[in-house]
Structure formats: C-alpha cells, structure tokens
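If you're matching them up, the sequences are chains E and R in order. Note that UniProt numbering gives residue 207 to position 207 of the first sequence, counting from 1, and the numbers run on in steps of one. Note that UniProt numbering gives residue 125 to position 125 of the second sequence, counting from 1, and the numbers run on in steps of one.
To be clear, the hints were calculated from the coordinates, so they are not data collected in a lab. Check each hint, because a few of them may be wrong.
Said to hold, decoys possible - Which residues of chain E face chain R? A partial, calculated answer using Cβ under 10 Å:
| # | residue |
| --- | --- |
| 1 | LYS30 |
| 2 | VAL113 |
| 3 | ASN115 |
| 4 | PRO135 |
| 5 | ILE224 |
| 6 | LEU226 |
Here the structure is a predicted model, which is why all the values come from computation and not from measurement. Where a beta carbon is used, it is the ideal one built from N, C-alpha and C, also for glycine.
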Amino acid sequence: MADVVVQHARAARTTSARKGGSLHNALRRKSTVAFFLTLPLILLIALFVLYPALFSIHLASLNKSMQKFVGFGNFTFLFKRETFWMVVKQSCIFAVTAVFFKALIGFIVAHFVHNIPAKGQRKWRGMLLVPWVIPPAMSTLAWLWLFDPSYSAFNYTLSLFGIGPINWLGDAAWARFSVILVNVWYGAPFFLIMYLAALKSVPDQLYEAAAIDGANWWQKIWFITLPMMRNIIAITTLFSLIVTFANFDIVRILTSGGPLDQTQIFATYAFRVGIESNDIPLGASVSLFMVPILAVAAIFILRDVNKRGNES
Amino acid sequence: MSTLAIDKGGPRRKVKYGSMSRDRAWALRWSYFFLVLFAIFFLTPPLYMVITSLKSSAEISAATNPWWVFHPTLANYVELLTSNQFLRFFWNSSIVSLVVVVVTMLISIPAAFALARMKFWGSTTLATGVFLTYLVPDSLLFIPLFKMLALVQDITGITLLNRWYVLLFIYPTLTVPFCTWIMIGYFASIPKELDEAAIIDGASWLQTLTRIFIPVALPGLIAATIFAFTVSWAQFLYPLVFTTSIDQLVLPVGITTTLIKGDVFNWGQIMTGALLGAAPPLIIYAFLMDYYIAGLTAGATKG
Numbered sequence: 001m002a003d004v005v006v007q008h009a010r011a012a013r014t015t016s017a018r019k020g021g022s023l024h025n026a027l028r029r030k031s032t033v034a035f036f037l038t039l040p041l042i043l044l045i046a047l048f049v050l051y052p053a054l055f056s057i058h059l060a061s062l063n064k065s066m067q068k069f070v071g072f073g074n075f076t077f078l079f080k081r082e083t084f085w086m087v088v089k090q091s092c093i094f095a096v097t098a099v100f101f102k103a104l105i106g107f108i109v110a111h112f113v114h115n116i117p118a119k120g121q122r123k124w125r126g127m128l129l130v131p132w133v134i135p136p137a138m139s140t141l142a143w144l145w146l147f148d149p150s151y152s153a154f155n156y157t158l159s160l161f162g163i164g165p166i167n168w169l170g171d172a173a174w175a176r177f178s179v180i181l182v183n184v185w186y187g188a189p190f191f192l193i194m195y196l197a198a199l200k201s202v203p204d205q206l207y208e209a210a211a212i213d214g215a216n217w218w219q220k221i222w223f224i225t226l227p228m229m230r231n232i233i234a235i236t237t238l239f240s241l242i243v244t245f246a247n248f249d250i251v252r253i254l255t256s257g258g259p260l261d262q263t264q265i266f267a268t269y270a271f272r273v274g275i276e277s278n279d280i281p282l283g284a285s286v287s288l289f290m291v292p293i294l295a296v297a298a299i300f301i302l303r304d305v306n307k308r309g310n311e312s
Numbered sequence: 001m002s003t004l005a006i007d008k009g010g011p012r013r014k015v016k017y018g019s020m021s022r023d024r025a026w027a028l029r030w031s032y033f034f035l036v037l038f039a040i041f042f043l044t045p046p047l048y049m050v051i052t053s054l055k056s057s058a059e060i061s062a063a064t065n066p067w068w069v070f071h072p073t074l075a076n077y078v079e080l081l082t083s084n085q086f087l088r089f090f091w092n093s094s095i096v097s098l099v100v101v102v103v104t105m106l107i108s109i110p111a112a113f114a115l116a117r118m119k120f121w122g123s124t125t126l127a128t129g130v131f132l133t134y135l136v137p138d139s140l141l142f143i144p145l146f147k148m149l150a151l152v153q154d155i156t157g158i159t160l161l162n163r164w165y166v167l168l169f170i171y172p173t174l175t176v177p178f179c180t181w182i183m184i185g186y187f188a189s190i191p192k193e194l195d196e197a198a199i200i201d202g203a204s205w206l207q208t209l210t211r212i213f214i215p216v217a218l219p220g221l222i223a224a225t226i227f228a229f230t231v232s233w234a235q236f237l238y239p240l241v242f243t244t245s246i247d248q249l250v251l252p253v254g255i256t257t258t259l260i261k262g263d264v265f266n267w268g269q270i271m272t273g274a275l276l277g278a279a280p281p282l283i284i285y286a287f288l289m290d291y292y293i294a295g296l297t298a299g300a301t302k303g
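Whole structure, please, built from the sequences with the hints as guidance.
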C-alpha cells in the first residue's frame, strides 16, 4: 500500500513538474523568484533611504522640541539668518570651484599619462590615484598638520623664501582656499582615471587624420578629444558636483566651519545646528536645501548614463 | 642648378623629420616633468604622514626641518599598537567593514541577477531607482536617521544609538546601490546563450546564479567587494553622529576625536593613527589595483 501511495505521489509530482514547465507557469514562477531576489534590496532602500528622506520633510515642519507643527516656519527662520545665506554662498563657491579644478587637473594629468610610453603608464597611474584611496578623514588629518601655522611644513618652506607665516585655517580667505585645495587634491585622481579610460577609447586614426590635415595640438583637443569625451566629462562632473556639494569630512576636520562660520557648507552647518545644537528640525531643513541642486544634477546624470547605455 | 635644387630639397626634408621627432621627444620630457610635479602634489600628504609618524613629540616641538627625520623612532607605532583603545577602534572598524561587505554581497548579487536577467514588472524602474539611491549623499539622511533610531529606541526599548552594530544596518545604504548597479552591468554582459544552456540542462535559477553568473562575473564581484570595503572603512559622518562612547567608535572617528585632546595636538601619534587607518585600503589597492580601477570606471557606464 505504502509503495503505491509513494508512487502516486511521485507521479503527481512529475505531472506538476511538467505543468511547471509550460510557458505560462514558468513566467509566473520567474516573477516570484525575481521578487524574492530583489526583496532585500527593496526593503533596504525603502526603510533606510526612502523613509528617512520623507521623514526629514516631516521633521523640517516641526518646532525645536518637536511638539508643534510650524509648517514652513524653519525655512522662513533660515531665510532671515545671515549665516544661512553665507552657507549657501560658500557651498556654491566651494562646489563649483573645487569641481572645476578637479576636472581641469584631471584632464591635464590624464593627457600627460596618456603621452608617455604604455609600459610606464600603470606605475604612474597607480601613484597618482593614491589620494583617492586613502580614507578622506585620514588624509585630511595630514593636511591639517601640513597647514599648522607654527611648527609645520608649509610655513617652514615659505619662510625659506622669506614669505611670512600664513594663517592657513585661521584667516577666512585662506581657510576657504585650503578647504578647496584639499578637496581638489582628494578628487582630482578620480577625474584622472575616468578621463584616462575615455582617452584610451578615442581611435588613433582620428588624430592621424588631423595631423595630416595640419592640425596643431590645440585643434586636436578641441575638435577631437573633447567631442569624443563629452559624455564621460558630463557624467563625471555632475557626479562629482553631487559628492562635493554634499561633502562633510574635509570641512569638518579641517576647519569645522570656522573661522566664524566662514567655511561652513550645508552638511557641516546641518551637523552644527541639528546634532551639536540639538535642533533636529532646523538641521533637517538645512540639509533639505541640498535637494533641488542634487535633483537637477541627478536628472542630467541619469539622462547621460541612459544615453551611454543605448550607444554601447 | 638642378643639382643644387635637389640638394636643397634633401636636407630640408630631413630637418623637418628631425624637428618632428625632436618635438615628440620634448613633449615626452615635458610630460615627465609635469607628471613628477603632480606626483609631488598628490603624494606629499601621505609622505608627510610617514615622516611625522617617525618623529618624537620633542623633535616636532623643536621645530627643526619638518621634511626630515633626524632621530627616527617607532615609539608612536608601539604606543598605538599596544593601546587597548586604538586596538578597539581597529577591531570595531574591521568587524563593521567585513560584515557590511558580506551583507552587501548577499543583497546586491541576487538583486542584480534578477534585474539583469529576469524582466519583470517594474524592473527597469527599480534599476533606475537603485542608481538614484546611489546618488543620495549621507549628509542628506543623517539627521532623519538619527531621529528614527532614537524613536525606535524609545518605542521598543532596544538600544540602537551609541552602539557600533547599528552601523551594520546603515552602511549598506551606501554600498548596496553602487554594487548592485555595477553587478547589473557585469551580469548583463554575460552572453544569454550561457544561461539558456544551463536552463535547458535543467538548472534552477539559483543554480544558474551560483554556477554560471558568479564564476563568470568574478572580476566584477571583486571590484564590488573592494568598493564596499573601502566605503565602509572610510565612512565618517554616520559613526560620528550615531556613536559617542569611546569603546563604540570606529577608526576614523576614534582617531579624530580621541587623539586630538583640546588644544594639545600630539601630531606624531595622530599621523601614526591616520597612517594605520589608511593602511588596509592602501594594501588592498596595492595588490588589486586593476580591480579597483575597473570598479571605479564601471560606475559611470552601463555595463
């Protein structure tokens, strides 16, 4: 009896398996499998990215003790503060200048690396990427020490040329310069690597044809290199704009916004207001001001990435 | 007359060839010159870390030539590597990074497989969403996340704030989107015939993933792993906000908050700590540079 039952069961299983093999069922099974495979990802994004993003809009509409709804109260309060407008200005100057010089240095150095014989390129590329590999919090400490006004290297070296001690991080203008310099140092290698990869993909025949037509180096860059690299330049710049605009580590460690909030950018100001001064709603409002700029950059990146995907 | 003209033509052409190769030689020399300049700019801070880490506090405060070590000593290294506090930071950082790498891979590989191969309802939207999440910076979310953790703690009574393990839930939001994104690219580049053959031979979806996709896309997997590790090792803002007790800190926060005490800067020790903190990513980079760069450039492209 038992044997018969088992055989029945086995027979049933094989028929159901055969049914599962039919197209419709396979599709249905595929989508369930796909759902379970992506479920952890969806949960993670929903719980720890989407929900906090919406929650911060809710937070921004509360008063300091988070008891009362104040609508746009936090935003109008910020608009009246001079410090806030300084933060907006400094964030824009910081991001635009830093990204511009990162892109420029990356572009120039990529050409130099591309110029030298292929067997030496790996070594140079490896050396020049080191700033990007070191955790920014650690390398910024080294810069903090380099900038030290009395005992350290920069002022010592300058004093050899008779240039007086510079208060790198205490003077507002120099502090702004230093913060941007460190950011350029950290970010330029990323541009270098991206541009180098892009340069390698430009066919040599184009340059040969241009050389035969008598083009000089400037014309070669303007009419061949830049148009061929346009997409990668756009993506890299926009991406770096987002990261630089939202930067926290470098400014926090180097100046923590000082002197007198002159180097404060959105992220550090939100930290100062929201965590250190314990006014969470106001801090949330400050960081929400990043959203419009980030969103515009993100839309353009997405467009370019999709375009690139379709090309290849 | 005619011979003269030919004579003139000969050398002129030669000169032209010569000038062209001379131009090239000069371009090469200039390239090396500027590369050396930029290498100095890029490598000064790390080298300065090494120089300072070998100095004693006395030598630093004596304000001798800062670019040279007159009395090299390993005292800073010995002191930090025998300090329980520093080893605690190192341990916290290691355990957090390693667990985050494993969690990231467990989430992003199956998801990337599904998004690359199984066209289902909303799959393209989800892929776009993943990419957008990658663009959301940490400085946008740290305040609401802080408040969320505080609320959960109030409601359930589970201590979340000021505990290192809370980072295990938060860090994947930074690593998973990018890893999923580049794995989609690598998986999509695998020829369809390969998994079709596996399916025909009776392999299940799971077997196709583990027997075909993971081995074939191994370079991408390594690149994603390196990325996840370096991101979680370097993360500074989240641990700064979520953890405060000394025994809960990870390395970047630990070094910046405990070694800098008020106005007294023990620079020799800070530089040693920073160097030791930078060592794991640097070592990985030294050995797996090509994978590292592959991961870097894959981010901006779709496969």
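Hint numbers the structure violates, sorted upward? Result: hints 5, 6 break, sorted rising.
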